[in-house]
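Assemble the whole structure, with the sequences as input and the hints as a guide.
Protein chains in written order, with my numbering: chain P, 29 to 271; chain V, 29 to 271; chain G, 29 to 271; chain U, 29 to 271.
No wet-lab data here; the hints were simulated from the structure.
Treat the hints with caution; some may be incorrect.
Because identical chains cannot be distinguished in the list, a pair is counted as satisfied if it fits within a single copy or across any two copies.
[Unchecked claim] Here are the simulated DSS-like pairs of lysine-lysine, each with C-alpha atoms no more than 30 Å apart in a straight line: (1) K171 - K234; (2) K109 - K39; (3) K35 - K111; (4) K171 - K39; (5) K35 - K234.
Protein chains: 4
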Amino acid sequence: MSKMSFKQRIKSIVEYNDNTLSHYFAYFIQFLIIVSVITFSFETLPNISESTKFLLHIIEVVCVIVFTIEYLARIYVADHKLKFVFSFFGIIDLLAILPFYLSFGVDLRSLRLMRLFRLFRLLKLVRYNKAMRHFTEAMLLAKEQIILFMGVTLILIYFSAVGIYYFENEAQPDHFSSVFDSLWWSIVTLTTVGYGDVYPITVGGKVFTFFILLIGLGIVAIPTGIISSSLTKTIEDKSHEKR
Amino acid sequence: MSKMSFKQRIKSIVEYNDNTLSHYFAYFIQFLIIVSVITFSFETLPNISESTKFLLHIIEVVCVIVFTIEYLARIYVADHKLKFVFSFFGIIDLLAILPFYLSFGVDLRSLRLMRLFRLFRLLKLVRYNKAMRHFTEAMLLAKEQIILFMGVTLILIYFSAVGIYYFENEAQPDHFSSVFDSLWWSIVTLTTVGYGDVYPITVGGKVFTFFILLIGLGIVAIPTGIISSSLTKTIEDKSHEKR
Amino acid sequence: MSKMSFKQRIKSIVEYNDNTLSHYFAYFIQFLIIVSVITFSFETLPNISESTKFLLHIIEVVCVIVFTIEYLARIYVADHKLKFVFSFFGIIDLLAILPFYLSFGVDLRSLRLMRLFRLFRLLKLVRYNKAMRHFTEAMLLAKEQIILFMGVTLILIYFSAVGIYYFENEAQPDHFSSVFDSLWWSIVTLTTVGYGDVYPITVGGKVFTFFILLIGLGIVAIPTGIISSSLTKTIEDKSHEKR
Amino acid sequence: MSKMSFKQRIKSIVEYNDNTLSHYFAYFIQFLIIVSVITFSFETLPNISESTKFLLHIIEVVCVIVFTIEYLARIYVADHKLKFVFSFFGIIDLLAILPFYLSFGVDLRSLRLMRLFRLFRLLKLVRYNKAMRHFTEAMLLAKEQIILFMGVTLILIYFSAVGIYYFENEAQPDHFSSVFDSLWWSIVTLTTVGYGDVYPITVGGKVFTFFILLIGLGIVAIPTGIISSSLTKTIEDKSHEKR
Numbered sequence: 029m030s031k032m033s034f035k036q037r038i039k040s041i042v043e044y045n046d047n048t049l050s051h052y053f054a055y056f057i058q059f060l061i062i063v064s065v066i067t068f069s070f071e072t073l074p075n076i077s078e079s080t081k082f083l084l085h086i087i088e089v090v091c092v093i094v095f096t097i098e099y100l101a102r103i104y105v106a107d108h109k110l111k112f113v114f115s116f117f118g119i120i121d122l123l124a125i126l127p128f129y130l131s132f133g134v135d136l137r138s139l140r141l142m143r144l145f146r147l148f149r150l151l152k153l154v155r156y157n158k159a160m161r162h163f164t165e166a167m168l169l170a171k172e173q174i175i176l177f178m179g180v181t182l183i184l185i186y187f188s189a190v191g192i193y194y195f196e197n198e199a200q201p202d203h204f205s206s207v208f209d210s211l212w213w214s215i216v217t218l219t220t221v222g223y224g225d226v227y228p229i230t231v232g233g234k235v236f237t238f239f240i241l242l243i244g245l246g247i248v249a250i251p252t253g254i255i256s257s258s259l260t261k262t263i264e265d266k267s268h269e270k271r
Numbered sequence: 029m030s031k032m033s034f035k036q037r038i039k040s041i042v043e044y045n046d047n048t049l050s051h052y053f054a055y056f057i058q059f060l061i062i063v064s065v066i067t068f069s070f071e072t073l074p075n076i077s078e079s080t081k082f083l084l085h086i087i088e089v090v091c092v093i094v095f096t097i098e099y100l101a102r103i104y105v106a107d108h109k110l111k112f113v114f115s116f117f118g119i120i121d122l123l124a125i126l127p128f129y130l131s132f133g134v135d136l137r138s139l140r141l142m143r144l145f146r147l148f149r150l151l152k153l154v155r156y157n158k159a160m161r162h163f164t165e166a167m168l169l170a171k172e173q174i175i176l177f178m179g180v181t182l183i184l185i186y187f188s189a190v191g192i193y194y195f196e197n198e199a200q201p202d203h204f205s206s207v208f209d210s211l212w213w214s215i216v217t218l219t220t221v222g223y224g225d226v227y228p229i230t231v232g233g234k235v236f237t238f239f240i241l242l243i244g245l246g247i248v249a250i251p252t253g254i255i256s257s258s259l260t261k262t263i264e265d266k267s268h269e270k271r
Numbered sequence: 029m030s031k032m033s034f035k036q037r038i039k040s041i042v043e044y045n046d047n048t049l050s051h052y053f054a055y056f057i058q059f060l061i062i063v064s065v066i067t068f069s070f071e072t073l074p075n076i077s078e079s080t081k082f083l084l085h086i087i088e089v090v091c092v093i094v095f096t097i098e099y100l101a102r103i104y105v106a107d108h109k110l111k112f113v114f115s116f117f118g119i120i121d122l123l124a125i126l127p128f129y130l131s132f133g134v135d136l137r138s139l140r141l142m143r144l145f146r147l148f149r150l151l152k153l154v155r156y157n158k159a160m161r162h163f164t165e166a167m168l169l170a171k172e173q174i175i176l177f178m179g180v181t182l183i184l185i186y187f188s189a190v191g192i193y194y195f196e197n198e199a200q201p202d203h204f205s206s207v208f209d210s211l212w213w214s215i216v217t218l219t220t221v222g223y224g225d226v227y228p229i230t231v232g233g234k235v236f237t238f239f240i241l242l243i244g245l246g247i248v249a250i251p252t253g254i255i256s257s258s259l260t261k262t263i264e265d266k267s268h269e270k271r
Numbered sequence: 029m030s031k032m033s034f035k036q037r038i039k040s041i042v043e044y045n046d047n048t049l050s051h052y053f054a055y056f057i058q059f060l061i062i063v064s065v066i067t068f069s070f071e072t073l074p075n076i077s078e079s080t081k082f083l084l085h086i087i088e089v090v091c092v093i094v095f096t097i098e099y100l101a102r103i104y105v106a107d108h109k110l111k112f113v114f115s116f117f118g119i120i121d122l123l124a125i126l127p128f129y130l131s132f133g134v135d136l137r138s139l140r141l142m143r144l145f146r147l148f149r150l151l152k153l154v155r156y157n158k159a160m161r162h163f164t165e166a167m168l169l170a171k172e173q174i175i176l177f178m179g180v181t182l183i184l185i186y187f188s189a190v191g192i193y194y195f196e197n198e199a200q201p202d203h204f205s206s207v208f209d210s211l212w213w214s215i216v217t218l219t220t221v222g223y224g225d226v227y228p229i230t231v232g233g234k235v236f237t238f239f240i241l242l243i244g245l246g247i248v249a250i251p252t253g254i255i256s257s258s259l260t261k262t263i264e265d266k267s268h269e270k271r
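See the structure below:
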């Protein structure tokens with residue numbers, strides 16, 4: 029162990045291995061990601077005192093410093109530095125700290141949107157969390173089918189929107205002023221959310237909704253079914269391999 | 029290649045084959061279908077300027093011309109011309125262009141409904157899109173079962189409507205004025221959309237809804253489950269054959 | 029065929045066999061059931077003219093006469109007459125005609141509820157419809173499991189109701205006046221209907237709803253999942269046997 | 029049988045065995061649990077007379093006495109008394125009676141919350157009910173996967189909340205005042221409950237909701253799918269073992 033070069037030792041900590049130190053490092057980074065996200069939430073509270081604001085800013089600065097050190101260490105230990113910088117996790121790591129440094133050079137208005145980018149830190153969890161990796165894998169596996177039925181779903185949503193537009197446009201010109209407005213009704217209805225801000229009031233519109241719901245729900249639920257079954261299968265295959 | 033007759037060359041382009049030209053042709057037609065549908069949506073916007081209206085009309089005319097040429101070419105290359113004209117895709121192709129030509133001879137009122145028929149163009153996608161064909165196949169396969177449980181679902185919806193009518197009719201004569209009005213409540217509740225425009229207010233009606241929801245949701249969700257599992261199976265079978 | 033006794037010929041028609049006449053008879057009865065149910069729906073319309081009322085009454089009388097003849101014929105051809113009368117279908121057949129005859133002896137108020145019993149005719153469809161019989165079989169097969177998880181669901185609904193009662197009772201004494209009122213919120217929320225007539229407004233109530241929805245939805249959906257999978261299996265087994 | 033010691037006889041009754049007496053005892057305790065829970069519900073009714081209150085109190089006292097005797101008997105017959113006291117069911121049994129005895133020493137305000145603990149009695153049903161044990165087993169089996177996708181779901185809910193906060197905060201500062209308020213919208217929307225108390229009104233917010241619903245519903249439904257399939261599997265395995 030003592031014979032390891034400095035670079036090798038850093039590498040054994042930063043990259044996810046089976047030694048204790050790298051485990052602690054991983055947990056520490058995950059903890060900071062959660063802290064950073066919670067801090068972000070508290071900053072949006074409308075009535076926070078100046079002292080709380082200051083405290084939240086301190087936590088944020090600490091997080092960014094640690095994430096920056098982590099990012100630089102990862103570049104340092106990478107065999108192909110450029111390859112890492114432009115890899116998925118390399119970009120995520122950069123996006124997690126960039127908003128903070130950019131905020132010095134810009135005015136207050138766009139700063140607000142900048143902070144939103146800090147949410148990319150949540151994606152950093154994917155690297156450490158084995159569960160997340162499972163999920164990402166399963167999604168990539170069933171990608172083709174999901175896109176396929178997403179297409180069918182989108183056509184159905186569009187078709188419903190046009191239908192309801194023709195039935196309700198005259199009776200409710202405010203809520204169904206164009207096909208684009210009707211699309212809002214379509215998605216809220218076919219996902220069965222049903223806020224109740226827009227709904228058909230004409231007999232024709234109600235009958236149309238009746239049939240769209242009867243036929244449509246089955247189709248909209250298909251991508252969900254595919255993801256579920258693909259995931260269950262992936263996990264089953266994994267548990268079989270272990271035996 | 030040069031020895032091919034003009035008819036054969038047209039046929040190799042128009043009909044979906046493995047050569048590059050037919051691929052480009054298919055993508056071009058699909059692109060025009062999407063453009064045509066988007067144009068249709070923009071036309072429904074309430075406040076569009078005259079110049080935009082003119083532009084949308086130009087796009088529409090171009091689309092119709094291309095679709096007409098495509099339709100005529102398909103008839104030209106078909107071995108059995110009449111068979112093609114009365115086939116599923118033959119009728120769809122005609123319906124996609126017919127509204128435009130008919131709109132010259134009719135007054136403005138019915139023209140509005142005419143435009144709705146332009147949506148049939150979306151069905152033209154079925155021919156080119158492999159994904160769509162998969163879906164259509166799976167639906168035809170499970171057709172019998174779906175109709176079966178659609179029947180059960182319809183009876184349940186009707187039964188719920190009659191029940192709630194008896195409980196709520198006196199308390200809310202406006203919302204539950206007849207069994208037909210109650211059917212609207214039935215479909216909105218059993219699909220769990222729940223807009224909130226109609227809901228029971230009497231104790232009897234609420235207790236009835238309680239039991240209907242407990243029993244009914246399982247039954248309404250069955251067709252969805254059947255479609256999902258039938259689709260997953262179809263795709264699995266296909267991927268096994270490929271191996 | 030001509031050697032058959034009168035009773036045997038009636039039996040071959042009334043009971044569901046493979047000969048043409050019994051098929052026609054079955055379709056005719058099913059048609060009358062649908063007609064009778066539609067008539068029933070129209071009678072509930074608030075503004076129907078006297079002539080329409082008279083017409084609907086005539087249709088109703090014709091239906092009842094046919095159903096009565098059918099009922100008597102079934103008793104006549106049954107080997108064990110008493111056994112038929114007290115069988116499931118015997119009782120359904122009686123309930124389908126009884127309300128009509130009882131309506132002569134009673135006052136107008138209870139007559140309204142009487143008419144509701146006419147809906148039992150829908151259950152008569154179960155005999156003729158093969159699809160329905162499939163469904164009934166599958167339900168009986170998974171009966172034990174469904175009851176099991178219905179129990180879990182009921183406990184969860186009750187638990188949610190008590191929880192929300194404690195959080196919201198003070199803030200909204202009208203909507204959450206007792207655990208019984210809260211049960212209405214429970215069922216509407218956990219089935220994801222969400223009418224919007226009652227919802228938590230306190231922070232505690234919202235946080236409680238957050239966790240109940242996260243945990244609860246999975247549990248409420250289980251009976252649905254069981255029915256779906258049991259049905260898919262039943263149908264699969266049947267199609268395997270046919271091969 | 030007569031040679032059994034007093035302790036052995038008590039043990040054969042209290043612990044769930046195959047003899048008739050222990051069956052009756054189990055049914056009696058289950059009946060009392062249900063009675064106790066129903067009593068609890070009636071106590072929350074706002075307008076109950078003094079005599080009813082007194083009756084409900086008597087029932088409650090009787091239940092507590094029986095549950096106390098049962099608890100003491102279980103300690104008496106246990107081989108390792110301390111192990112039982114600190115076991116899952118030992119703690120549940122204590123929690124079921126503790127609120128009653130503690131209510132003598134405390135003021136009226138906290139007494140209200142005390143009563144809530146009486147609901148723990150529902151958990152006592154788990155011991156007697158075979159169905160419940162099945163469910164608990166299946167949940168423990170799929171525990172790992174459920175926690176995994178609960179995590180994904182939580183991240184998605186959080187992400188949606190932050191997104192909608194940025195789109196709607198300016199337009200609806202009352203409903204989307206902070207990320208915490210937006211979380212309420214997130215859970216209500218992604219579980220498709222959709223009360224209709226909060227919903228996006230800006231174009232940006234509606235488009236964001238459109239995509240979140242399209243992508244999100246599939247992910248939120250996964251834990252449900254996993255529980256369902258794991259349960260179906262558990263029950264299938266059990267029925268195979270029996271054969």
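Hint check:
1. In this homomeric assembly, K171 and K234 come within 30 Å of each other (Cα to Cα) only across copies, at 26 Å, whereas the closest approach inside a single copy is 35 Å.
2. When the C-alpha separation of K109 and K39 is checked against a cutoff of 30 Å, the pair qualifies only within one copy, where the shortest distance is 13 Å, while the shortest distance between copies is 53 Å.
3. In the homo-oligomer, the alpha carbons of K35 and K111 lie at most 30 Å apart inside one protomer (18 Å), although the nearest pairing across protomers, at 52 Å, exceeds that limit.
4. Within a single copy, K171 and K39 get their C-alpha atoms no closer than 33 Å, and across copies no closer than 34 Å, so neither meets the 30 Å cut-off.
5. In this assembly of identical chains, the alpha carbons of K35 and K234 never lie at most 30 Å apart, being 69 Å within a copy and 50 Å across copies at closest.
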